[in-house]
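There are 2 protein chains.
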Amino acid sequence: MEITGFNLIGNRESAKGGNTFFAKNPATDAELTVKIFEATREEIDEAVKSAQNAFNEFHSKTNEERAVFLDTIAECILELGEPLVKRCMEETALPEARITGERMRTMNQLKLFASVVREGSWVDARIDTAIPDRQPVPKSDIRQMQIPLGPVGIFGASNFPLAFSVAGGDTASALAAGCPVIVKAHPLHPGTSELVGKAILLAAKKTNMPEGVFSLVHGFSTEAGMAIVSHPGIKAIGFTGSFKGGKALFDAANRRETPIPVFAEMGSVNPVFILPGALKERNETLAAGLISSVALGVGQFCTNPGLVITQKSEDSKSFLNHLKTRSAEVPSGIMLSEQIKRNYLNGINNLIKSKGVETVNSGAEDESGNKVGTFIFSADYKTFLENKTLTEEVFGPSTLNIATQDKSEMIRVAQALEGHLTATIHGTEADLEEYADLVKVLEQKVGRIIFNGFPTGVEVCHSMVHGGPYPATTAVQSTSVGTAAIRRFSRPVCYQDFPQKVLPAQLKNENPLKIWRMINGDMTKEKI
Amino acid sequence: MEITGFNLIGNRESAKGGNTFFAKNPATDAELTVKIFEATREEIDEAVKSAQNAFNEFHSKTNEERAVFLDTIAECILELGEPLVKRCMEETALPEARITGERMRTMNQLKLFASVVREGSWVDARIDTAIPDRQPVPKSDIRQMQIPLGPVGIFGASNFPLAFSVAGGDTASALAAGCPVIVKAHPLHPGTSELVGKAILLAAKKTNMPEGVFSLVHGFSTEAGMAIVSHPGIKAIGFTGSFKGGKALFDAANRRETPIPVFAEMGSVNPVFILPGALKERNETLAAGLISSVALGVGQFCTNPGLVITQKSEDSKSFLNHLKTRSAEVPSGIMLSEQIKRNYLNGINNLIKSKGVETVNSGAEDESGNKVGTFIFSADYKTFLENKTLTEEVFGPSTLNIATQDKSEMIRVAQALEGHLTATIHGTEADLEEYADLVKVLEQKVGRIIFNGFPTGVEVCHSMVHGGPYPATTAVQSTSVGTAAIRRFSRPVCYQDFPQKVLPAQLKNENPLKIWRMINGDMTKEKI
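Chains as they are written, first to last, in this note's numbering: chain A, 98 to 625; chain B, 98 to 625.
Hints in this document: simulated from the structure, not taken from any laboratory.
Given the structure is predicted, the values throughout are model-derived calculations rather than measurements.
Mixed in with the good hints there might be a few duds.
No copy labels: a pair is met if it fits in one copy or bridges any two.
Said to hold, decoys possible - Below, computed lysine-lysine pairings styled on PhoX-like, alpha-carbon distance capped at 25 Å:
(1) 605 with 537
(2) 468 with 450
(3) 605 with 479
(4) 409 with 421
(5) 438 with 344
(6) 611 with 158
(7) 624 with 409
(8) 485 with 468
(9) 537 with 146
(10) 236 with 624
(11) 344 with 409
(12) 236 with 208
(13) 598 with 537
(14) 146 with 504
(15) 611 with 622
(16) 537 with 377
(17) 485 with 146
(18) 598 with 504
(19) 438 with 146
Please take these sequences and the hints and turn them into a complete structure.
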């Protein structure tokens, strides 16, 4: 499949605008072939109108038809073959194994959502049957289910060119819910985006989905994004990226004449609490595990552990020494872009200059291309509490160790945290029981609490929560990974005293889809 | 129980402020006894801190303990006896049967949420078990459930002094979720609010709930409300009332350093579509039913039908004549306050002056006290589409008939609608099948679609949706009535690789609470 640099507006390729840009290879900063055309307001308007036109037909498709569409997208992505992997490597400098692994994850996500749609119970069908002779007034027959919100705008992330991008979790869950999708491609991987976008369009064609069910627009500036979020036809936004980007979309969405929900996942510092028992038992192993997690993917994960809280002891000294040794062994890695490298080094320099912060390891000096090394810092409890900037995310391979005196200081660190995606506790089982109050505090701060593991690596399953209180996300009640993510793009509607014939299949007495339903308060798959 | 006019800050009565006001009897505009003290910022801060202190203990209570608390609130409200009914009648001019009926509904709501908490499955427990030998990486054990958001601010409505007020659906669902509640009492019924607030505090004492689980603050100006929504300790807002009030809270919540969700139910015009078959079959009955619904409670319901869409025919002429006759027979009724009456008459005058709008019936002239009569207007399709103000809610007993030429005009009226709480369709079954596309349009506009009924009367049950797209609410994905309302005040959290001992009861292998859980994708009550 050829890369043209055009926008994909419904089934048409379109390049009406005068603003263009080129993707770059982060390893060399060389421009890649093919000029990319930024979408104009007119093109975005066409894409949204096309999505609006497609909406009724798309959400009237059967569960099976929608599931086959999602499965077919997965197949069509795989069929893009080597050219996709090659272009993606050129645009991101990520290694081949990572790209093919991420492609597998992307396909599995699509298939998982296909299975959720096929099974069908996600619509939370609820039926209360009538009681015509109830006193003082008869009770009506009322039936509720989730229906799709309408056309959705999705903003891909820089750091997951496949799994959190054009056909990533946001798109998969929105299509699964029955919403047409307009993707704003991330400007760091426009070629990858176009290829995947074309795979989605091919799948739509193969499975007879209406034109407009998917569009892809390019944009290097913020203009295209703002045109999407402010378009009256857009009913929700999915976003993965920086706090600045997510907050700008959130504010724009709330300024609209009709505000819409914004599901922005904006990253996190992912504190790791190492309890005394664990530190005593295995401080070298912990240091090795932590550095692996910090350095994974050159630290470019929103679940990267940027804060490690310990209690001062001989064990913590030894732990810090191991951190130093291990991090010094990490080879430098290429970041996703010159801008991302610059932001990382700015963050590092802020830490270096911060009063009371000690640099435990300075990343290697080899800075050719966009290579950076791993940095380790340490500070005490007081320094941490006095300097709010120490809890800001430094996107890249670095972490800050906070040394506390005792349990109460450790808990006060937890209490001082803002919202994060994850928190991790390393401990013995005895530690964990003794620190039950730490768990209670962390529950209020994050979406996921990990015991004796590391936060990187987000399992795509029914139980995952990839979310958390602001500023980790703008939507504390949602997750952007896992099957519960589908509920971001639906809302409840109820039908009162509707005849059987006209009710959606999910709510008919016969339960033709054989889904789980709550009937007069009881869960059942039975018919009425 | 004595009315003091004080704020209830945790278990203390408090009157630190200099601003005071009196409740009035709407029937006479006479001031009622007892001076009411507006809460100061300091008192609101104390209430929120008290709620924060109570939070951990409150949400650690067992399901049974929390359920008993809710049941006991219902009992304590009933035990307030005649003085509550009397004060409520004085403050609202609503008839005794309405007050006692609403008290029953309020108690039933509390008991329904108690049953939801007792049953326990609302937390949406999801468990994915570990696969330690999975390739290429092991799969962790991950377990998700809903936990409470934290202290919640609730704003009672003027028009439901019990069921949507201090111990109404918002408070019941927030307490059920495990959130401490701070209620801002509606200034039109402060005495009623205080009595019910004291019943909640008595129930809290009887069932050993921590101080701070509930507070009540008074405010006539908007200051107290703004102090609540902008307090960093408040994690969500529940509101029922005007668009202006709800939007102000929504904007303030989004301006916070940490934005919070606002569940504001802001009213609606509740369009009623009468299809040709039904109009032919029973236009007199329809007119009688509609006028009953319009005039019920002097039109002071957010589900009041303010718009009736018909197609021009001999039947529609006859229908309009019946509307005229029936509405002329409705006696005037007393509105809840002088301000509400003034707003109603302003809305009426706007309609009277609107070009192309005909006044079919003018409400009776008897305007002593705050009495108003029922008004009926009519306009054609073109007038309606050209004048956006015709879709604005006129809070009170009036309705506007839109006469269209045919099906396509009727559907275009539906398409032109903004978000509403409800839409109603009257038709034969044949009508409904022919107008399936009308149903599709209305699904996108409202939270509840009623067939051959009237929108007033909102059943409190598992399937109810009392919500809808903006501007009906600020939270299209939620309902404020029915058991699904509990999910407004919770959020998901997941635990990765946690030892059994430390997991919440809902997520332990043994399933000690015997709740429904999704285990590896399948719904079951079994243990693992």
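Legend entry - Structure-inconsistent hints, enumerated in ascending order: 3, 7, 8, 11, 19
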